[in-house]
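Residue strings, one per chain:
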Amino acid sequence: MTRKVVLIAFLCGLPAAALAGLTVLGQGDARRFDPSGFPPDMQKRYALMEVKCANPAEGCHSLGRVVEAVTTGIAPISHTPFDKKAAKMYGIKMMRKPDSGIDKKTARELVRLLYFLLDEARAP
Amino acid sequence: MSRALSVLAVVGLAVAAAAPRAHAIPAFSRAYKTECATCHTVIPHRNAFGEAFRRNGYVWPVAEARKPAGRIEALWRSGALETLPVSLLGMHDARYDREAETGDNLDLEPHEFELMAGGSLRSLMSFWMEYRLEEVEDNEREGTEMEEAFVMFRRVLGTPVNVKYGLFRPDLTLWKHNDRLTAATWATLDRIHGEKLKEARDGLEVNGVFGGRLFAAFGAVDREEQDGYEFYGHLVYRFGGTDLDGNEPEIDLEADPSVWDDLAVTLSAYAYLGRRGDADSQRWSRIGAEAEVLYKGFTLLVSGLKGTDEVTSADDADTWVYAAEAQYVCRGKYFALARYEYKDEEGDGEGVTQRLIPALGWTPVPSVRLSLEHRWEKAAPEVDNTTLMRLLYSF
Chain A
17 MTRKVVLIAF LCGLPAAALA GLTVLGQGDA RRFDPSGFPP DMQKRYALME VKCANPAEGC
77 HSLGRVVEAV TTGIAPISHT PFDKKAAKMY GIKMMRKPDS GIDKKTAREL VRLLYFLLDE
137 ARAP
Chain B
8 MSRALSVLAV VGLAVAAAAP RAHAIPAFSR AYKTECATCH TVIPHRNAFG EAFRRNGYVW
68 PVAEARKPAG RIEALWRSGA LETLPVSLLG MHDARYDREA ETGDNLDLEP HEFELMAGGS
128 LRSLMSFWME YRLEEVEDNE REGTEMEEAF VMFRRVLGTP VNVKYGLFRP DLTLWKHNDR
188 LTAATWATLD RIHGEKLKEA RDGLEVNGVF GGRLFAAFGA VDREEQDGYE FYGHLVYRFG
248 GTDLDGNEPE IDLEADPSVW DDLAVTLSAY AYLGRRGDAD SQRWSRIGAE AEVLYKGFTL
308 LVSGLKGTDE VTSADDADTW VYAAEAQYVC RGKYFALARY EYKDEEGDGE GVTQRLIPAL
368 GWTPVPSVRL SLEHRWEKAA PEVDNTTLMR LLYSF
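If you read the sequences in order, they're chains A and B.
Under my numbering, think of the first position of the first sequence as 17, with each following residue one higher.
Under my numbering, think of the first position of the second sequence as 8, with each following residue one higher.
Calculated from the structure, these hints are not laboratory results.
Cβ coordinates follow ideal geometry from the N, Cα and C atoms, glycine included.
Errors might be hidden in some of the hints.
Unchecked claim - One side of the interface only, derived from the structure: several residues of chain A facing chain B at Cβ under 10 Å:
1) G80
2) D99
3) K100
4) K109
5) R138
Said to hold, decoys possible - Pulled a few chain B residues facing chain A out of the computed Cβ check, cut under 7 Å:
6) R37
7) T41
8) W67
9) A107
10) E255
11) I258
12) L260
13) D269
14) K303
15) G304
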């Protein structure tokens, strides 16, 4: 039954995909997670990520990169493993990037979200 | 004439502002599908990660000899690159010299193009080539010339040691000749008694990063028309910040913010032993020390150099050079800097040259930079004031 649903969704070209506990909307760089099923605190952190990491006015990156890293376990630019250690390293890197608008508290919240997303992506 | 310069500046700014927002696609950006900002603050000045990338032989730090995920296996096995590793750098200047002897105050040149190629083959060997198509420096046309062409064998025998061979600029100072945001060259790298440390030489260099925080380079060069060799060495140590391998520092995100979260201090010392003359009989040497403080978008560099040159039928000439530059990059789009340089080429307080160079710049897109710099230069009793606008772009 599940296979039929996935096949029908695929044939209809619906831009949504499910990965364990995560639902991905859109395609390519426009991909993003559907936060509607997240716990309330993670929904707040996801909204924070949309503002701080994917703000086109600030020349940041698309959320598609985050989706790629979380769902494949490989960081899309460096092609290195994207695990919790790497997630923290990226949080620190972005916090230390001048004018990123990400202070230590924000970096902490974003890393917590990444830990949650990684856990959900690998949930059975 | 100052009105003409103002008009030119306004027109230049307007044209740049109206330029289409093209994508920045120089060779490394194409190869790694990443933004210029990954390695540069404002082009061509490299950030800590960009310097780590350069030192690592144009291989993404931490990604090593195994095939990276996402790469085409057949090409990787063949040691072939997936994209043509070539970029072009263009520069167009407009120079206003208030005291121009010829009366031609406004000079709409020079224009320069550089062809650059760089990359790594299976992360084992890297290469770099820079070919200058035309340049004018100090109002002298320097023509077409190979600036650098070298290969570097990486991590020889599994050690952190790299071996560089070919035509290259010796790795001597923290801020490189091709790294500066001004048209003016660093006084420490520029001509002192006819010798320029910034010049490329044929040679062999052994370098490496040890323990993430220490960089060492030692080399021997064989200049044209010389029987003997010249030797140099460079040591760098960094406290705090991104390490010399490009790794971020370990920071406890649960702790309160600390100044050390964003602070990095880098110390550097170098020496060069050269020779000149018909029989390489005249020795010359340069010994220098530098410190760089990096805090968020602010950078302060201070450096000092002592030079000694043997002179025919006279006592050795001692040279002292001091320089400091403060630079601030805002939002990755704007920069402001001020540099002061003091050069005493005779070591006796006579023949002192001082330069004060303030500059402003703006990048409408990361691969395009428009800058305005002023040079106040005093070599008593002469005082020279030059204002220069430069449009630089790379693709």
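So, going through the hints one by one against the coordinates:
{"no.": "1", "hint": "G80", "result": "12 Å, violated"}
{"no.": "2", "hint": "D99", "result": "13 Å, violated"}
{"no.": "3", "hint": "K100", "result": "12 Å, violated"}
{"no.": "4", "hint": "K109", "result": "5 Å, holds"}
{"no.": "5", "hint": "R138", "result": "17 Å, violated"}
{"no.": "6", "hint": "R37", "result": "12 Å, violated"}
{"no.": "7", "hint": "T41", "result": "5 Å, holds"}
{"no.": "8", "hint": "W67", "result": "5 Å, holds"}
{"no.": "9", "hint": "A107", "result": "39 Å, violated"}
{"no.": "10", "hint": "E255", "result": "5 Å, holds"}
{"no.": "11", "hint": "I258", "result": "5 Å, holds"}
{"no.": "12", "hint": "L260", "result": "4 Å, holds"}
{"no.": "13", "hint": "D269", "result": "6 Å, holds"}
{"no.": "14", "hint": "K303", "result": "5 Å, holds"}
{"no.": "15", "hint": "G304", "result": "4 Å, holds"}
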